[in-house]
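Trainee: If you want the building blocks of each chain, they are given just below.
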Amino acid sequence: MKLELSRRDLFLAGGGAVAGIALSPVPWKLLDDLAIWTQQPSTPTPRPAGPLAFRHTSCSLCPASCGLKARCFGAQPVGFSAVPGHPASDGGLCPLGLTAHHLAKHPFRATLPERVSGGKRERIDRAAAVATLSAALAACGKNPKRIFAVVDGRPGRSLSRTWRALATATGGLYVTPPAAGASRSLEALGKRFDGGSLALGVDFSKARRVVSFGTPVLTDAGTPGLLARLRAESRRRPAAERIEVIQVEATRSRGAALADRFVPIAPGTEAAFALGLAHVLLDEKLADAAFLAARTSGLDEFASLAARFAPALVEQKTGVPAGVVTALARDLAASLPALVLGGDPASAPLSAEAEAAIASLNLLLGAPFGPLPVRADAPREADGDAKLASATPFDALPDGSVGLLLLDATVAEGLVPWERLKRALSDGALVVSLSPFRAGLGEKATLLLPGPAPLEAMLELEGPSDAPLSTLALAPALLLPPKDLPLPEEIVREATAAAGLSLPAPSSGRAAALLASKRGRIYDPSAASFEPLAGIASVDALAELFARGACWIDDAAPEPKGRFALLREGEAPRLLEAALGAPSALPARLTTLPRESVSAAPPSLLLTKLTRETTLFTPPAAANASAARA
Amino acid sequence: MDDTLIGRGLRRTTLPRFLLWLVPWAALLALGVYAVYLCFAVGLNQTNMDNRFAFGLWIYLDLTVIALGAGAFFTGFLLYILKKKELKAVINSAVVIGFICYSGAVGILMVDVGQPLRAWFTFWHPNVHSMLTEVTFCLTLYLSVLAIEYAPLVLKNRRVKEVPGALVLEHQLHKVMVVFAGIGTLLSFFHQGSLGGLYGVLRGNPFAFRTHIGIWPTTFFLFILSAAAVGPSFVLLTTWLVGKVSKKRLVSPEVFQTLAKISGSLLLVYVVLKGIDSLIWINTASAKTGVQVSSFYAHPPFGTWVLFAEVVLLGLVPAALLLSRRVRARTGLLVLAATMACAGVVLNRYVMTIQTLALPSLPFDSFLSYSPSWQETAAFLAVLGYGVLLYSISFRWLNLFPEERELATKG
Amino acid sequence: MHTTKHSSTLPAHRYTLVVDLDRCTGCGACGTACAVENNIPPANEKATERTGTVWMRVLEAPASSAAGGPTTFVPIPCQQCDNPPCVDVCPQRAIEYDPRTGIVGQIPVRCLGCRYCMVACPYHTRSFNWWSPEWPAGMESTLNPDVSVRTRGVVEKCNFCVQRLQAARAKASAAGQKEIDPADYVPACVEACPSRALYFGDAADEKSEVAVLSKDGESFRLLAALGTGPKVFYRSSDPVVRERLSRTGVTRG
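Residue numbers (numbering that gives the first Met the number 0), protein chains in the order written: chain W, 0 to 629; chain B, 0 to 410; chain Y, 0 to 252.
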């Protein structure tokens, strides 16, 4: 058969094709897709940077050091989730941690050294940075009014050894800031132990009553959400097993609003209130007599001090009705175990006397070794032969003495307020910040040597000092730092050498030190299981585990022998004077995002969802403004 | 040129005076056009609407001008379908006003939506359950009908007539105008109704929600009735106003009488039905949602006075006035009554749009306030400017009032 | 009111969120995780509480008693109604109720931005994009490639992270299974909550945690009287909180 195509056939075929296409979904789908073209041209199209993978690390933004499970496309994390069962955080993450991957691209990010001279900020190159720093280093130590000081927000790291050696070499100070949360009231308690200073942690799971003197236990301190979780679980149990939080504070803070009971108190009268509770406990013989007899000393002296604080007097001093004081003391005694926490350096600092009174109250309630367990710090590298300066507490930094201040990238402005730092500086001092951000202390520095942003470098992360057990993660980096980023530690080393000073070689012995301790267990997040540290064969094997996002947790420490002094030497008169005297002034309180005040990095811009687009949090600036008005 | 455009036998002011009159309205329009440009270029952040007050001045404007513009369809319905011949005197003017109101509303609606380029999706993916779909379909079609009704006016202009075929087309259009009047009436009934349905179907809002008759909430029918009632009043008002401004007698007094009678009767029916509807609402709303109706009026400034003003003060009273022969005999009182009738519907549309959105809904919500930004206000005023411009031009060069020449030669 | 859909017409899966108000501390982790997962842009500098783009809003309800009991924070995502007032009002079918899952989805590319759905929703859980979405230079690289960015001028809202359901389905079908593993489908907010105040699951499975929790006496729904049938349940051990939050807001005045 012969195929003949006429013009008519071609027309028919063409027309048929057009009709067929018109009847198919294709043109209609294309028409629909026109919607794309009505989008604003600036609307970005998210594209995967590589195949999907999950990687583990730990968050470095605050001392809680929560475990992070990162959802990554290629090398780019696009979101985090918490790691259930993680020793440091047990499945909790806060808004700061959830947005940690944005920080490397934060608008305040700096990637080149910057110098402020004559009020003008200018970018400088590596050589100029080295020259500026070495000149300042060389001038240190010649004048006792112009010493060198370095502030380290996370002591105990390998890098901390460099800073301590530098302090030694320059004849300067190695300064450590106060820990966040209630650590200082726990330290005050630990110092009363006659068998040597004890480190105590907080175990909320063992307490039925938590009295907080301004410590943000439900919002900030400790592991995110842990106490709230424990309390909520207890609410559906019989009344006798319920956990209750009592917040004693001058303002109705966020923590106060969430507490089961809020006891508003006149500012600065915490010591009087604590002694009032102690009075009722002793007067009505409600204190833990067995614990007092076996584990404390100086009861008589303390009792005679507490006897002065009858509820009527406490009412007069603190403004809390006498009935409330009595009822609270009775409730605590009837609901043991109970614990008392005080203060927070970032939001509610307490006087040393208030901390002392709180420590004694914990002893009357028998809190140590129960809800306040003994803990040991994570193993650190031994000092060996190296000449390393020991730590000077931040509060002890002398005024007008520092000519060169070096602020490590881990220093948070909430714990190291700029106003206090400024007092320590002498005229024309050089303030060097290693922060990767042109914000917070990084903005105040006169020489900024920006280092890797969070998640851009491996970090040694110890858990918070008030955790019941110490933890340690050598958290792997998820992101690559910018290619030409001059590493600040190298600049400091070069400048030190140029100034004619010597430093020991950088060390990386933390994993080895940990392995040698043979203590504790290590959590492998990819297997969601623990392994005894003693079972790890080599430092390499341990390092390999850490590189996968593992976290080490200590064993429970044995209960030591010894007694706590209810009052320390010469403490009674000071306590009496402070509690009976005029109330001390409290600094203005900030309403900030959870943990923002103790973070060394600025919050992600996405947190404007919480500060601007909802009424959930007042942004710090607005809170400051309202505090200034008040 | 200007002279040859003005209809034979009609006296109009000089061209320079006319242009001077246009200047302020053109300025208003220009400012509005700039505001609209800002909304397109920068976005709707130029308005003071927000996620809670998602409708604002513009939707209120749309509802109001469409209700007032109802004179076009209803006069057409009375003239062409019910053969009320005396209304021939105002039909042209009513058509122009209708066209202005509807085109203004559609224009503002296009600014109000975030993605106007996707407006055609409503025809492409229509949701037959949505009152807004009904509104969009009917508005678009009715605007086309209005354009067709407007066309003969232009075609009858002295100069346009000279164009070959213009008269033929005009004649043909005239013959089918009854069909368009019918279609227009049907479409108008639907969109006036569905604009009311817009709020009556809000199941999540016990203040706005109303009992349904068939698939439509009662507000559907009340909006049709109220629009039909004030449409003639608004035609009366505008005709009177044009007469005042141009210092001319445009229609014979009987036309005003007829308009007032129609408006008054319909308003009475509307007010009675609105009253019955309110009573049903008051007695059933709380049984269904547990909300006492009194609580809707416990949030100042929206007290029960709103309901009173709507039903009695600006409903029953103007209805009675418009129906009274003695009131109708006095132009001043007649105009006052017509103004009150229009104000009643303007208030009703305000309450439906603004009070609905301002009332708290969730247990921790508070009563919300909203005030339009200058951009919203300018766009709103631009519709007024545009309206006066288009009407002035039509009045000057087109023959809006067929009786005008006759009355002028008589008087 | 319209008749509420009867159980016979309810979807085969009924994805449900239960919020334990006793546990919520108002930390904002849920809303933050939601913004990260769903590529919600940072606030425009002029944005306010009423013009921001927030899918998971946490509101502070007044304290439960005059004596100053604890404050209650109430996280409010889209309530995923079984009888949604929003679906029927959209003129161009940009909102869909998925009869297989009960999830109410918003289709941003079809949305014209008329905001009628926002007026219809008594829970105010929608956001209109008043501004163009903008990220600081370089931050676009942190966007989630599974979710497209919405343009200026359209409405958006929570969809229970439906992209995670799609991923779970893909995973199940790759493994030759018909049903997804419930552990594979958890919305970002639920995953993030540090105090574990959020429970998520399929209430069609009578034995699931959400089915049990949503039926007990401590659970209630917001504006339940309106008959919208939300699939977000709230629970509190405090009867005062339950009573106060079950009310309609307009009755307060």
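Just so you know, these hints were derived from the structure itself, not from any lab. Do not take every clue at face value.
[To be verified] Derived CB-CB ranges, DEER-like:
hint, chain 1, residue 1, chain 2, residue 2, range
1, W, Ala476, Y, Ser172, 34 to 40 Å
2, W, Asp31, Y, Ala136, 28 to 34 Å
3, B, Arg157, W, Gly15, 33 to 39 Å
4, Y, Ser172, B, Ser368, 47 to 53 Å
5, Y, Asp204, W, Gly318, 33 to 39 Å
6, W, Glu489, Y, Asp204, 38 to 44 Å
7, B, Tyr349, Y, Val239, 47 to 53 Å
[Claimed, not checked] Just some of the chain W residues that point at chain Y, by a computed CB distance under 8 Å:
hint, residue
8, Gly73
9, Thr325
10, Leu484
11, Leu486
Think of the CB as a built atom: it goes at the ideal place given N, C-alpha and C, for glycine as much as any other residue.
Trainee: State for each hint whether it applies.
Mentor: Here is what the structure says about each hint:
1. W/Ala476 x Y/Ser172: 34 to 40 Å: holds, 36 Å
2. W/Asp31 x Y/Ala136: 28 to 34 Å: holds, 33 Å
3. B/Arg157 x W/Gly15: 33 to 39 Å: The hint (33 to 39 Å, Cβ to Cβ) is violated, given that B/Arg157 and W/Gly15 are roughly 54 Å apart.
4. Y/Ser172 x B/Ser368: 47 to 53 Å: holds, 52 Å
5. Y/Asp204 x W/Gly318: 33 to 39 Å: violated, 54 Å
6. W/Glu489 x Y/Asp204: 38 to 44 Å: Violated, at about 58 Å.
7. B/Tyr349 x Y/Val239: 47 to 53 Å: violated, 38 Å
8. Gly73: It is violated, given that the least Cβ distance between W/Gly73 and chain Y is near 10 Å, above 8 Å.
9. Thr325: W/Thr325 check fails; min Cβ-Cβ to chain Y is 18 Å, beyond 8 Å.
10. Leu484: Violated: closest Cβ of chain Y sits about 14 Å from W/Leu484, beyond 8 Å.
11. Leu486: violated, 21 Å
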